[in-house]
Amino acid sequence: MTVTAEDLRGQVERFLAAHDPKTTDRLEFLRARFDAGLAWVLFPEGLGGQGAPRALQPGVDAAFAAAGAPDNDPRRIGIGLGMAAPTILAFGTPEQRQRYLRPLWTGEEVWCQLFSEPGAGSDLAALATRAVRDGDDWVVTGQKVWTSGAHNAQWAILVTRTDPDVPKHQGMTYFLCDMTAPGVEVRPLRQITGEAEFNEVFLTGVRIPDSQRLGAVGEGWKVAQTTLMNERVAIGGNAVPREGGLIGLVAKTWRDRPELRTPELRDRLVQHWVESEALRLAGSRLRQQLAVGAPGPEGSAMKVAFSELNQKLTGLEIELLGEEGLRYDDWTERRPEKVDFLGREAGYRYLRAKGNSIEGGTSEVLRNIIAERVLGLPSEPRVDKDVAWKDLPR
Amino acid sequence: MSELARELPTPDLLYSEVEEDLRSSVRDLLTDRVTPAALLARAETAEPYDLKLWKTLAADLGTAGLMVPEELGGHGATTREAAVVLEELGRSVAPVPFLGSAVLATTALLGADSADPVIAELLPRLAGGELTGALAVPLSTAPGAEFPATVTVNADGTLSGRVGTVADASVAELLVVPATGPDGPGLYAVEATAATVTELVSLDLTRRVADVVLENAPARRFTSGEQAVAALDNALTTAAGLLASEQTGLTEWALTTTVTYLKGRYQFGRPVGGFQSLKHRLANLYTDLVNARATARYAADALAGGFDVPIAVAVAQARVAPIAVHAVEEAIQLHGGIGMTWEHPAHLYLKRAKSDELAFGTPGRHRSRLAGLVDLPA
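Chains A and B supply the protein sequences, listed in that same order. So for the first sequence, the numbering used here puts the first residue at 1; every next one is plus one. So for the second sequence, the numbering used here puts the first residue at 1; every next one is plus one.
Note that these hints are calculated values from the structure, not bench results. Incorrect hints may have been included.
[Unchecked claim] Chain A side only, calculated, beta carbon under 7 Å to chain B, not exhaustive: (1) 15; (2) 18; (3) 118; (4) 277; (5) 288; (6) 305; (7) 380; (8) 382.
Glycine included, every Cβ here is placed at the ideal spot set by N, Cα and C.
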């Protein structure tokens with residue numbers, strides 16, 4: 001029996017009747033919501049869901065929000081919800097699923113992602129962080145980078161090299177790493193904006209029990225692919241109204257400040273308005289395709305287009321501001337919990353947008369993905385394909 | 001601001017099963033009957049249009065009457081279905097007067113009172129594909145333009161004047177003519193035999209434009225005043241919105257044809273499509289196509305549902321027209337020398353895409369219009 005939107009409406013109503021959001025403790029409310037299968041409805045029973053179609057989730061979230069229910073702060077724990085959870089669901093043992101998914105969803109445990117390394121960004125499979133078996137444990141040593149939220153995280157999804165003697169895609173293993181374990185050191189990595197939103201993470205002889213391995217030894221690449229696919233599905237996932245986001249901000253400045261207007265800026269602004277609206281519609285179309293179970297590969301294309309538009313728009317905003325564009329709000333090193341494009345000023349947006357075409361897969365890598373997986377074009381010659389990882393130049 | 005603030009219904013940006021069925025029948029027909037070789041052979045003959053194909057498409061497949069209500073002899077479908085037909089026609093640059101007849105002339109008539117005897121007589125014949133029509137305005141006329149003043153109504157009710165670059169007019173039997181008389185604007189039905197229609201040398205070899213000269217031509221008025229102005233504007237708006245679907249079809253052709261070519265073309269010992277610099281350009285075209293399809297689908301759905309129409313159409317034309325031109329330009333460049341030849345069909349698509357960019361207003365004109373609609377003042 002498929003769960004319907006109507007079933008869920010009834011369940012939410014009954015849940016709210018039994019747990020008044022005004023009087024119920026926040027965590028108690030969230031845990032109960034998880035246990036009632038109303039957290040992420042597409043997950044299986046007992047794991048926060050009831051195997052309902054993905055498309056029914058927004059209705060449930062909206063009903064809870066309307067009732068003033070506490071939310072689980074998806075922005076702060078986006079990596080947990082968007083990447084760790086689907087991967088644990090797909091590859092975790094029953095014990096792992098039971099152990100990690102509930103505190104992940106309620107936000108009691110924040111997750112980060114230990115994937116990229118100084119020598120392995122776009123070429124993720126080149127990573128060098130070693131994990132060596134020692135009895136029931138693995139001992140991990142290496143360095144990770146670009147880790148958002150590591151300073152707030154209790155747990156990390158971690159990809160390591162366990163066999164350097166086979167080609168690079170084969171010798172990797174995936175772990176769930178306790179960020180409070182001895183040997184884990186998180187150092188802020190200051191960025192172009194002045195903020196330290198990301199971190200470097202140094203792993204020195206970190207012991208990880210074999211029970212925290214996700215998937216088989218040597219299967220780390222396959223597991224990581226699931227994480228990355230989910231990352232790309234998550235990007236551009238929210239419905240936005242017309243003029244939502246950056247274009248709305250720039251359009252508002254345009255309307256409020258007639259003294260700043262020039263004909264040349266106007267034509268660019270209108271062009272960007274058109275592009276924003278087209279991209280918003282493409283996002284709606286993508287979600288409608290997902291909802292009927294026909295996921296398209298448009299996600300990568302959307303991300304490329306979105307990055308470029310953000311960069312053009314934030315550049316335009318500074319030019320529009322004229323004199324004010326010469327100033328910056330604050331260079332103080334900060335440790336934000338989430339990226340806040342709209343909470344700061346134009347200079348910040350301009351600089352932060354430079355990261356949009358790099359994070360979550362560079363535009364170059366995404367274009368390769370589109371070209372090879374969507375359009376079926378041949379890949380570049382792979383000189384490292386059959387070479388043992390240890391023999392690769394680096 | 002009011003346009004922005006208004007609550008919009010959730011659009012349906014996908015294709016229904018009925019629409020996909022319609023697409024398959026149209027595509028099957030076009031695959032059979034519109035080969036590149038046949039297109040090229042026909043382009044320089046005295047009969048650039050394939051009127052046999054048009055008959056099959058319009059009458060047998062019923063596409064001419066898609067947007068016409070059943071009680072007026074049509075199929076009671078909407079702009080959504082017509083958009084799917086246009087995607088396929090764009091993909092094949094089929095030389096048929098669908099835009100002039102089934103879109104422009106038909107929607108102009110649909111804007112009049114259906115009880116009018118002229119409408120009651122002509123619309124079912126247009127819808128049945130038994131009569132081919134054209135709307136006597138320059139193809140470059142944008143929605144929102146002033147009611148044209150080039151044709152005047154004489155004291156005896158006949159029409160005189162000249163209209164340049166009318167799409168599909170050379171094969172039309174019925175001309176729908178906007179004309180102004182002593183009692184204001186009106187739309188008139190004129191038999192093509194009563195006019196002098198001269199086909200011009202058109203940039204677009206598969207959609208011709210013609211000059212229409214009327215000298216005391218007998219005409220029947222079927223709507224006047226405000227209603228005539230609105231009917232004409234509705235026809236132009238509908239055509240502009242639906243043209244985005246034709247442009248999406250063109251874009252898709254350019255991408256898929258180029259991908260196929262680059263997979264099979266070897267240089268430097270490798271398929272050319274394996275070089276990253278070319279792959280990235282094709283990935284960009286794919287990204288454009290994703291944008292074009294969503295935008296065109298939105299315009300078709302907005303027109304069908306009667307919501308947000310001016311913005312949806314302006315966005316569609318401002319965004320999709322340049323995408324189609326760019327896609328075909330890239331196709332030509334990436335085909336190398338062969339892309340520049342007469343024997344390869346790419347030039348037919350470029351000519352169509354560039355003409356389409358001018359049709360019903362250029363992207364720049366649509367941006368200006370949009371700026372007014374969404375309150376981005378100069």
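Against the structure, the hints:
no. : hint : result
1   : 15   : violated (26 Å)
2   : 18   : violated (32 Å)
3   : 118  : violated (24 Å)
4   : 277  : holds (5 Å)
5   : 288  : holds (5 Å)
6   : 305  : holds (5 Å)
7   : 380  : holds (6 Å)
8   : 382  : violated (11 Å)
Going down the numbered hints, you'll see the structure goes against 1, 2, 3, 8, while the others check out.
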